[in-house]
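Assemble chain B onto chain A, guided by the hints.
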Amino acid sequence: MPISDFQVVIGLEVHAQLLTASKIFCGCSTAFGGAPNAHTCPVCLGLPGALPALNRSVVEMAVRTGLALGCEIRPKSVFARKNYFYPDLPKGYQISQYELPICEGGEVTFTLDGRDHTARLVRIHMEEDAGKNVHDVAADGSSGVDLNRAGVPLVEIVSRPDLRSAEEAVEYLKALRAILMALGVNDGNMQEGSLRCDANVSVMRKGASELGTRCEIKNMNSFRFLKQAIEFEARRQVELIEAGEPVVQETRLFDPDRGETRSMRSKEEAHDYRYFPEPDLPPVIVEAALVERLRGELPELPRAKAERYQRSLGLSAQDAGNLVADAAVSAWFDAAVAAYGAGPEAAKKVANWVIGELARLANETGEAPAAWKLTPARLAAVLRLIDAGTIGGPGAKQVVEEVFRTGAEPDAVVKAKGLAQVSDEGAIEAAVDKVLAANPGEVEKYRGGRKNLVGFFVGQVMKEMRGKGNPAVVNALLRRKLGD
Amino acid sequence: MSTPAKELCRLGLREAGAGVAAKAISSTELVEASLARIQATDGKLGAFLAVCADRARAAAKAADARAARGERRSELDGVPVAVKDLFVTKGVPTTAGSRILEGYLPPYDATVVERLEAAGAVIVGKLNMDEFAMGSSNENSAYKPCHNPWDLSRTPGGSSGGSAASVAAGQVHASLGTDTGGSIREPAAFCGVVGVKPTYGRVSRYGVVAFASSLDQVGPLAREVGDAALVLRTIAGHDPRDMTSSTRPVDDYLGPLEEGARGLRVGVPREWLSGGLDAGVEAAIRAALDTYRRLGATLVDVSLPHSKYGIGAYYLIAPAEASSNLARYDGVRYGLRAEGAKGLKEMYAESREQGLGAEPKRRIMLGTYALSSGYYDAYYLRAQKVRTLIRRDFDEAFRGCDVIAGPVTPSVAFALGERTGDPLQMYLADIFTITCNLAALPGLSVPCGLEAASGLPVGLQLVGRPFDEATLFRAARALERELGPLPAPPEP
Numbered sequence: 001m002p003i004s005d006f007q008v009v010i011g012l013e014v015h016a017q018l019l020t021a022s023k024i025f026c027g028c029s030t031a032f033g034g035a036p037n038a039h040t041c042p043v044c045l046g047l048p049g050a051l052p053a054l055n056r057s058v059v060e061m062a063v064r065t066g067l068a069l070g071c072e073i074r075p076k077s078v079f080a081r082k083n084y085f086y087p088d089l090p091k092g093y094q095i096s097q098y099e100l101p102i103c104e105g106g107e108v109t110f111t112l113d114g115r116d117h118t119a120r121l122v123r124i125h126m127e128e129d130a131g132k133n134v135h136d137v138a139a140d141g142s143s144g145v146d147l148n149r150a151g152v153p154l155v156e157i158v159s160r161p162d163l164r165s166a167e168e169a170v171e172y173l174k175a176l177r178a179i180l181m182a183l184g185v186n187d188g189n190m191q192e193g194s195l196r197c198d199a200n201v202s203v204m205r206k207g208a209s210e211l212g213t214r215c216e217i218k219n220m221n222s223f224r225f226l227k228q229a230i231e232f233e234a235r236r237q238v239e240l241i242e243a244g245e246p247v248v249q250e251t252r253l254f255d256p257d258r259g260e261t262r263s264m265r266s267k268e269e270a271h272d273y274r275y276f277p278e279p280d281l282p283p284v285i286v287e288a289a290l291v292e293r294l295r296g297e298l299p300e301l302p303r304a305k306a307e308r309y310q311r312s313l314g315l316s317a318q319d320a321g322n323l324v325a326d327a328a329v330s331a332w333f334d335a336a337v338a339a340y341g342a343g344p345e346a347a348k349k350v351a352n353w354v355i356g357e358l359a360r361l362a363n364e365t366g367e368a369p370a371a372w373k374l375t376p377a378r379l380a381a382v383l384r385l386i387d388a389g390t391i392g393g394p395g396a397k398q399v400v401e402e403v404f405r406t407g408a409e410p411d412a413v414v415k416a417k418g419l420a421q422v423s424d425e426g427a428i429e430a431a432v433d434k435v436l437a438a439n440p441g442e443v444e445k446y447r448g449g450r451k452n453l454v455g456f457f458v459g460q461v462m463k464e465m466r467g468k469g470n471p472a473v474v475n476a477l478l479r480r481k482l483g484d
Numbered sequence: 001m002s003t004p005a006k007e008l009c010r011l012g013l014r015e016a017g018a019g020v021a022a023k024a025i026s027s028t029e030l031v032e033a034s035l036a037r038i039q040a041t042d043g044k045l046g047a048f049l050a051v052c053a054d055r056a057r058a059a060a061k062a063a064d065a066r067a068a069r070g071e072r073r074s075e076l077d078g079v080p081v082a083v084k085d086l087f088v089t090k091g092v093p094t095t096a097g098s099r100i101l102e103g104y105l106p107p108y109d110a111t112v113v114e115r116l117e118a119a120g121a122v123i124v125g126k127l128n129m130d131e132f133a134m135g136s137s138n139e140n141s142a143y144k145p146c147h148n149p150w151d152l153s154r155t156p157g158g159s160s161g162g163s164a165a166s167v168a169a170g171q172v173h174a175s176l177g178t179d180t181g182g183s184i185r186e187p188a189a190f191c192g193v194v195g196v197k198p199t200y201g202r203v204s205r206y207g208v209v210a211f212a213s214s215l216d217q218v219g220p221l222a223r224e225v226g227d228a229a230l231v232l233r234t235i236a237g238h239d240p241r242d243m244t245s246s247t248r249p250v251d252d253y254l255g256p257l258e259e260g261a262r263g264l265r266v267g268v269p270r271e272w273l274s275g276g277l278d279a280g281v282e283a284a285i286r287a288a289l290d291t292y293r294r295l296g297a298t299l300v301d302v303s304l305p306h307s308k309y310g311i312g313a314y315y316l317i318a319p320a321e322a323s324s325n326l327a328r329y330d331g332v333r334y335g336l337r338a339e340g341a342k343g344l345k346e347m348y349a350e351s352r353e354q355g356l357g358a359e360p361k362r363r364i365m366l367g368t369y370a371l372s373s374g375y376y377d378a379y380y381l382r383a384q385k386v387r388t389l390i391r392r393d394f395d396e397a398f399r400g401c402d403v404i405a406g407p408v409t410p411s412v413a414f415a416l417g418e419r420t421g422d423p424l425q426m427y428l429a430d431i432f433t434i435t436c437n438l439a440a441l442p443g444l445s446v447p448c449g450l451e452a453a454s455g456l457p458v459g460l461q462l463v464g465r466p467f468d469e470a471t472l473f474r475a476a477r478a479l480e481r482e483l484g485p486l487p488a489p490p491e492p
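If you're matching them up, the sequences are chains A and B in order. Residue 157 in the working numbering sits at position 157 of the first sequence; the count goes up by one each step and never skips. Residue 365 in the working numbering sits at position 365 of the second sequence; the count goes up by one each step and never skips.
A few of these clues could be false.
Said to hold, decoys possible - In silico lysine to aspartate or glutamate, DMTMM-like type, Cα no more than 25 Å apart, as pairs:
1) 342(B) with 140(A)
2) 76(A) with 29(B)
3) 342(B) with 146(A)
4) 385(B) with 272(A)
5) 82(A) with 353(B)
6) 61(B) with 71(B)
7) 132(A) with 339(B)
8) 345(B) with 140(A)
9) 132(A) with 346(B)
10) 174(A) with 136(A)
11) 342(B) with 216(A)
12) 361(B) with 272(A)
13) 361(B) with 88(A)
14) 90(B) with 146(A)
15) 342(B) with 136(A)
16) 345(B) with 357(A)
17) 82(A) with 146(A)
18) 82(A) with 29(B)
19) 90(B) with 300(A)
20) 342(B) with 377(B)
21) 82(A) with 377(B)
22) 345(B) with 99(A)
23) 76(A) with 242(B)
24) 132(A) with 71(B)
25) 385(B) with 99(A)
26) 345(B) with 216(A)
27) 345(B) with 88(A)
28) 342(B) with 353(B)
29) 82(A) with 71(B)
30) 82(A) with 346(B)
31) 345(B) with 210(A)
As the list claims (entries may be wrong) - So the derived label-pair ranges between C-beta atoms look like this:
32) 346(B) with 192(A): 29 to 37 Å
33) 308(B) with 75(A): 56 to 64 Å
34) 346(B) with 36(A): 53 to 61 Å
35) 34(A) with 415(B): 50 to 58 Å
36) 27(A) with 487(B): 47 to 55 Å
37) 396(B) with 34(A): 52 to 60 Å
38) 160(A) with 308(B): 41 to 49 Å
39) 367(A) with 61(B): 57 to 65 Å
40) 193(A) with 91(B): 31 to 39 Å
Everything labelled a hint here was simulated from the structure, so no lab data went into it. We put the beta carbon where it would ideally sit given N, CA and C, even for glycine.
Okay, chain A solo, but in the shape it has when bound (with noise of 0.2 Å):
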């Protein structure tokens, strides 16, 4: 199948939950979790007669994401309500905004192979999220409805149907996430759900100008899922459209199973939501001088940091962008730097734990990184102790490991486990005699040129120690006695 003929067209509609204590039009907790039903009222119930009161730091968050992604934040917006019948939406409604949203246009900036693309948005608006039907629940088989969720404030980043592949999805939405997390607006924790997307795609033969019909694919949770599902999709349509069928618009869900998109509704029994403006709330004004206010308070957005990173820090590219990835790790990086002493050279020794074994130890443990019990101080302890020779890169890792799990302090660990490196020349030259002597024929050849065995025999010295032999002086007494 000649895929290659036809270019993938994709647009994003992307949703996150903001990090508000309580919901978007009452005072309900928006703790994820709880037993079902604990975080509601009647508002968030949509008991009869309750109304909605909006939460200003809803607005406050959804203009911050704006002028982060360079929207016009329109002054005055209104809510709108989207009707549909379904359980788990108390009102029949939900309470989104429609014909004018906060925020209009701006863009997503993203890198993928070395090179930069930029996506343009269409609009951010704020809504209600959904509670959710929970099946199997009850001996009897019927379903049960947790409305803990419902009222949770939303945003929906819409793109315009600017991405070209799976791959500038995934890069799309991983940098949005990425600003998201670094305004402090959302906690990108996909698995539950507070960051989800809608992707809308088409495919057209290459050098068409006109879009093809599009599909809608809901509710995708993760990078993995995105790529497989945009991948699926359009395999699908260029199938379709090969085998002379039309591509039917319709709304498809992605079974992550099975790696496959289903159809979920057609056009034809589409939903027409009846959208009309929310008489129970008054239009949303935002002064400018709130606007030049939160303005003022952004934070470095992720690009800018890790451009950053490479001019004064010297990192490459790829650690600058992937320690910006998530804004709590690239805080913690930037505490550690700041511990540890400046330059480049300390910050790429710093940028190297993190990338590296923090990340493999978090992934572990789920942690965020305010949580580590590995401090940014306790890091550049560690680090200190390399310097000096205490520990060597093995002790070292070791030394990482149990301070993240325990919290110990570094020093106290390697006296604990013995894990101070030795420098003792009597010590060593004692161990390398040993596996001299052991090894004869590999003395042989190397004094015959095969100068590569000293790797060999670094190794078995550092094996006779137990790891805690100073590779410098390893080095130069084998070499000496090698006859070098």
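The following block gives chain B in isolation, referenced to the frame of chain A:
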């Protein structure tokens, strides 16, 4: 004490409150008298959907304890009142006159209920109404019609029919209703009591089961203008839970009450008195206008040229909002759920089919149609534009007058069953009241006499500038003082 229950019940609201404060009567006596009168008369009247005797007796006891300590929460401390069943009341059945909410016990109180109780008023029950406040005769109540105490064969008007009838019949001293297109003023006129639809945003709608959110407004009904003013002062004012409620301070309605009509410029819209009115009603209205002139007011000819589009605009906007507001009654979480439905869609459809009456269904269909894609611009949006024109008519008229006066309804109370077969005919009952809602203005109905032929009450409507309820009360009081009180309606 040996004052007969009936006499206690005929006391004005402020009179009763003053009696409690002076310890001349107790709140318990007032409440017992009210409960007894409800017991004695409501079988014929049908004004109540629920009576909460225990809650009322406990509240009365607390009020008496306060009186004994010389404390008084307000001028209506200890006085029995009742509220339309559209207001949610914690633990007390709230049905909005609909089967779909049968058995529903709300977990919270409406703001206006909280405010009445905070002022010491004793709520004795929930009043009959047209289902979801949709109707002009109270015959759309899913439970029973309410009857007009002046003539039990006639309607008390709707949708706050129970609120008007209970006050007129002396079951309670005052009540609350809601007015979306005339639903306080029309029954007030039919039953010969004072009914006030305040400026939109003057009273919180939090806890009011929504019909048409941009039009609904809560207001008082009482037998005297001053009593209505007192109740409005009690419930009015900003509520952070209702973002459409105004932060503007509440005026002192009672202060200027007795200032009279001298110097008042009373606007008379020529469109309101040019045909379509029953002769007896027209005669009573013209006599009331003459009274104003005699009292030193100036009558000013004004015009409301877009009034004639009011009904049309209203019957697009109100059903559009209603179709959305009533979507929550789906059988999923509370209220009626159809038994034996197969699957979700059938459960929705069957629950709504069984739980909703003909009028809500009719309006849901109308509203759904008016909002659907392709029709929005032609109907909903156009109606909103008409609404703006109507508002401008009033702005223009108020340049030349302080208050607008005219009929509330084209006829006196009509017979039960007379119009139920013809919804359009029924909708026309609101022809004079609807524009006031569309323009978000305050409106008031005050009795201006009895129609000569039928002996039934006629109401005069007064419409004011936004938030100028004070002038309405003052003008209404001037007429009330001049005409004297209506006789009590016959015993049911």
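List in ascending order the numbers of the hints, as given earlier, that are violated by the structure. Hints 2, 10, 11, 16, 18, 19, 20, 22, 24, 29, 31, 33, 34 not satisfied by this model.
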